[in-house]
Every structure is written in C-alpha cells, then in structure tokens.
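Student: Go ahead and model the full structure; you've got the sequences and the hints to work with.
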Amino acid sequence: MASAPVMEFEKPIAELEKQIDELKRLADGQRLDVGSEIAPLERKLSDLRDQIYKNLTPLQRVQVARNNKRPFTLDYIRLAFTDWIELHGDRAFREDAAIVGGWARLDGETVMVIGQQRGRDTKENLKRNFGMPHPEGYRKALRLMKLAEKFHVPVLTFIDTPGAWAGLGAEERGQSEAIARNLYEMAQLEVPIIATVIGEGGSGGALALGVADRVLMLENAVYSVITIEGCAAILWKDGKSPEMRERAASALRITAPDLYELRVIDEIIPEPPGGAHSSQEATAKAVQEALIRNLDELRKYKPDRLVRRRREKFLGMGRVEEG
Amino acid sequence: MAWFRKEKKPRQPRRERLEIPADAWEKCEACGHTDLREKFVRNLNVCPSCDYHRRIRASEYLNILFDEGTIEETEVDLRSTDPLGFPEYPGRLKKATTNAGEGDAIITATGMLGGAPLNIGVMDFAFMGGSMGSVVGEKIARLGQRSLERKYPLVIISASGGARMQEGVLSLMQMAKTSAMLSMLGERGIPYISILTNPTTGGVSASYAMLGDAILAEPGAVIGFAGPRVIKQTLGQDLPEGFQTAEFLLDHGMLDAVVHRKDLKGTVGQLLRHMTGKPAATGWTSP
Ligand SMILES: [Zn+2]
Numbered sequence: 001m002a003s004a005p006v007m008e009f010e011k012p013i014a015e016l017e018k019q020i021d022e023l024k025r026l027a028d029g030q031r032l033d034v035g036s037e038i039a040p041l042e043r044k045l046s047d048l049r050d051q052i053y054k055n056l057t058p059l060q061r062v063q064v065a066r067n068n069k070r071p072f073t074l075d076y077i078r079l080a081f082t083d084w085i086e087l088h089g090d091r092a093f094r095e096d097a098a099i100v101g102g103w104a105r106l107d108g109e110t111v112m113v114i115g116q117q118r119g120r121d122t123k124e125n126l127k128r129n130f131g132m133p134h135p136e137g138y139r140k141a142l143r144l145m146k147l148a149e150k151f152h153v154p155v156l157t158f159i160d161t162p163g164a165w166a167g168l169g170a171e172e173r174g175q176s177e178a179i180a181r182n183l184y185e186m187a188q189l190e191v192p193i194i195a196t197v198i199g200e201g202g203s204g205g206a207l208a209l210g211v212a213d214r215v216l217m218l219e220n221a222v223y224s225v226i227t228i229e230g231c232a233a234i235l236w237k238d239g240k241s242p243e244m245r246e247r248a249a250s251a252l253r254i255t256a257p258d259l260y261e262l263r264v265i266d267e268i269i270p271e272p273p274g275g276a277h278s279s280q281e282a283t284a285k286a287v288q289e290a291l292i293r294n295l296d297e298l299r300k301y302k303p304d305r306l307v308r309r310r311r312e313k314f315l316g317m318g319r320v321e322e323g
Numbered sequence: 001m002a003w004f005r006k007e008k009k010p011r012q013p014r015r016e017r018l019e020i021p022a023d024a025w026e027k028c029e030a031c032g033h034t035d036l037r038e039k040f041v042r043n044l045n046v047c048p049s050c051d052y053h054r055r056i057r058a059s060e061y062l063n064i065l066f067d068e069g070t071i072e073e074t075e076v077d078l079r080s081t082d083p084l085g086f087p088e089y090p091g092r093l094k095k096a097t098t099n100a101g102e103g104d105a106i107i108t109a110t111g112m113l114g115g116a117p118l119n120i121g122v123m124d125f126a127f128m129g130g131s132m133g134s135v136v137g138e139k140i141a142r143l144g145q146r147s148l149e150r151k152y153p154l155v156i157i158s159a160s161g162g163a164r165m166q167e168g169v170l171s172l173m174q175m176a177k178t179s180a181m182l183s184m185l186g187e188r189g190i191p192y193i194s195i196l197t198n199p200t201t202g203g204v205s206a207s208y209a210m211l212g213d214a215i216l217a218e219p220g221a222v223i224g225f226a227g228p229r230v231i232k233q234t235l236g237q238d239l240p241e242g243f244q245t246a247e248f249l250l251d252h253g254m255l256d257a258v259v260h261r262k263d264l265k266g267t268v269g270q271l272l273r274h275m276t277g278k279p280a281a282t283g284w285t286s287p
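So the protein sequences, as listed, match chains A and B. For the first sequence, counting from 1, position 155 maps to 155 in our numbering; every step adds exactly one. For the second sequence, counting from 1, position 71 maps to 71 in our numbering; every step adds exactly one.
Calculated directly from the structure, the hints in this document are not laboratory data. Be aware that a few hints might be false.
Unchecked claim - Residues from chain A that face chain B, not an exhaustive set, calculated with beta carbons under 8 Å:
# : residue
1 : L147
2 : G174
3 : V211
Beta carbons: idealized from backbone N, C-alpha and C, even for Gly.
Tutor: Pasting the structure below:
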C-alpha cells in the first residue's frame, strides 16, 4: 500500500516500528536470535499505540478520519461483501465516480451497497473528485435505493466525504434539490437502511446517504455540519492554524462518542489498535459483524413500521427548550 | 405618446418639503433611488424604480399572505438551548433575541388565505442570518404535524444562510427531520408550497426549500447550495453574471416560477386551489 505521510502524533509509533525493523534486519544479517529483545519492544509498541489512540484529540481524530490508508467504501466491499457488481449512472446526465453503488452479498444475502469513494492517489482523486459528489452522484444513489426497494433488498450506505461539491455545474444541475430529494425519499423508503460513517461525514453531502434506520460510526470517524476549517474561518477568521482548527474540532462535537451522546448515531464500531488504517482487514471484519447484526434486527420490522420508526427517530432529533 | 401637454402637478412648496424629517426617506440598495419610506412600505418594500425586492421581516410576509385578522402565531414557546456548549453561542442568541425577537429564525402561524385555512412558516433572516438550528426544525415539524392533523396546506418562506453551526451536527439533522415531516405530508396528499427569498442557501436549500409541490422565488433572490463566496474560492475566478439568482434557477429548471412580491398571495392561492380541488377564485385574473 502506498505510504501516507505519518501523522505528527504517530511519530513515536513510527520510530519504534523503525527500531524494531532495524533490529530484525540486523539479526537476519548476522543470523542472531533477537526474539527476547524484540518481544518487549513489541509490547511497548502495542502499549504506545493504545496510549496514543485512547487519547486522540478531536483534531487528531479528523486527521485519522481523513487518512488515505484508511479503508474506503470499495475496500469494505472487497473485504466484507461477496458477489459485487457495480451499477453506474443517474440515467439523466452522467456517471459520477465520487459515489459507487451496486449489488453485493452480505453473509450470503443480497444487499444494495452505496457509498462515497475517495481516491488514494492524485489520478484516482481526479476521477473521484476527492469523494465530493455532484448532483448526479446523489441521483444515482437514489436510483439505486429505489431499485433496491423494488426488489425488497436492504440498503447499506458508507459515508466518506468532505462534503458535496461546490462548483458551477453542481449548482446549475441542482445540488440542493438532489440532496433534499434523497433526504425526502430515504424517509419513506420501504426497506431497511443502515448508514455507516467510515471516514469524514461532511455536512449535507454526507447526510444525503445518511437518513437510515441505524446510523453506525467507526470509532475515529467524524461527522459534522461544516468542516472544521470552514467553521474556524467563519468564526475566528482563521481556518488554517492548528490552534483554531483544534478549537473548531472540539467546539463542533464531531467525534463518535460526542454523536452517540447527542443521539445522532446508534452505535460506535471499535477500530483496531492504531486506527482503521493499521488493519483494513480487522476493521472490515468489525464493520461486517455490526452490519449483519443490525440488519438481522431490522429485517423483523414490516415496511410500514420500519418507515414509521425511522421518521420518529429523525423527528426526535435536536434540543429545544419550552419556555 | 399623447400630443397634448399633461397638466403638471402643482409643485410642492419648498417650505413644506423641508418639514419632512430626514429619516422618512429611504434609499434603494440596488439602484440608489430615494423615496419616502411610506412609499416603499406601501409597495411591500419593493423599489418603485427598479423592482428590487428588499429584505423584509417574517411578520411582514404573514401580513402579505394571510387574510386580514386571521393570523394566529403557533409554537411561540420554543427557545434555542446551547446543546454543545459552543463558544459564544448563548451571547449570540441573547443578542439575536434582543434585535430580532423571541421567535428564533422562523415564525410559524395558522390562518386563512382567500378564505381557506393554511399553515405558514416564515424564516427571519434578522435572527442569526436565518440559520437553521433545533428550534427552526422543531417549529417546522410541529407546524407540519398541525397540517397533518387538520389537512391544512403548508407554506414555508425561506431566508437563510444555512444550518446553524453553533448547534453542530444537531442542526444538520434538522434537514433530515424537516424532510421526513414533508414526506409524511406528501404521503397524505397535503400540498406544500416553498417560497424562496434572498438568500436561500446551504442546509435550508438542501432540504425543505427545494421540496415544494410548487417552488416559487422572489425576483433576484440568491439561491444555491454553496454560497457564492465558497464557489468563487473553489473556482478561483469570478462567478458568471446572474449566477444563482432566482431567474438563473428558473432557466435551469429548478423553480416553477419567479413571482413578484405583490403577486405572492394570488399565486399561492391559485396553486392551492388547484391542488385541493377547489374552484377558481371569483373575479380571478392571473397576475
Ligand atoms: Zn431600486
């Protein structure tokens, strides 16, 4: 896998890993048995990882959520599903590769999988527009959701986007309407919907795949009404400095534990020690387990009950005072 | 052109003109036309010279749309809290309440239009830029519930810069909440008309504002998902003339009609009569 630049707070981990690697290489070259020396170092490494990852600041979590070694939608499709066949196009304007979707099987049963897809390198990011969809991406997603409904198949979405694309074409073709329409239709779709926030859940562009019976979120994912940079720029006229970004990240309450407390998400999926990017396989397995379990529960509800519960859940969101 | 000379209006004596206090005059923000405030007000705050639709308060829209003496404000007791403990939010709320009133960024009311009952929500840009937080979402949800119970049509007049950042993801969820309510109205065949005024952007445009059975907009209103400033930033160049105006959206198929403020009531009435199976209004002439 292409190596991403090491995040500042992970440097002690990287250094220790390097030390262990060097020791191993040295031992290999001189045919020495250094097992007894390496074991404590590896224990130390594991402790260090735990220590660092248990104490991530909100800004560090944003960095982890945006890390490009983290599993993306297509990685989950590869690792947690079988029998995948991708479907393309909104049947109106064009194919938008910032959202992928298609049939797949989860635990042997057909599901519709839809998610924003980021790119790992510049070339792929150009194709995928950094996971920032145009209206046609949201309209493709809606087309696939209606298709799933037609065949009584559950919809599983993966949320991983800095936000909907802000550009001329996106506005001309009705970015607002496309997002709004998804919210409206998802509120009455007569099949189970599970949304999983796997990376950065950015504003309306994320929510357009997020009106679900269950909203799951990876431990280090974030979900926000605005990017921390945008928030800091508007409120404190500084969207760049680490201090202001940290301030915005804390103030906006965007981490999984925050959102669980605010009752916006239903479950936090734990990541392996060292974050999802330290083991895509282990992360995908945890996600797969959570999806199977939640879907089993949702399958018990008749369509009208499912829709009523989903609506009640979102109608109950927010905090007001009667006074 | 008439061949005869129009009789000149007698000029006002200079002395009398001077007696009008300076603050009785107002200037159009768009063309600079100066006129008596009273004349602007009589013209629903549309510039008599260039038709520029000036921003008006939520209560003024209620007076424009509802039949006289039928307005009953609803959901008057809902107040914003500070659910996240967001820096400076309580202070901003207090200031907004002092300047714009207790209603938060939306006033909801029930009343009659052309003798038929309906529910109307009007956003108030004066309250924190019409930003949508929990109170806006809850007021719309409750107004929608009233519409469901009585089968009253719903009208929402939007004016908003988007979601209220200070309530974080809870304000984002108001987009889903209001859309869920509208899906319930849709299911029961209860009409919903969305009217967009200047500006309607962000989370409001990407939820109830664009979900009307009819979507109307006032002339010149700026409407879009991303604000012009953000797009300019991503583009690195100036935006085309007229981009994101009501007329631009009409051309691109995103609106049903651009409607002059003086015709709003008539147009909404006509649409609702069609959608509720009522006969045309007597003496009706299309605007
Ligand atoms: Zn003017």
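Student: Hints first: check each against the structure and report whether it holds.
Tutor: Against the structure, the hints:
{"no.": "1", "hint": "L147", "result": "19 Å, violated"}
{"no.": "2", "hint": "G174", "result": "5 Å, holds"}
{"no.": "3", "hint": "V211", "result": "5 Å, holds"}
Of the hints listed earlier, the one the structure fails to meet is number 1.
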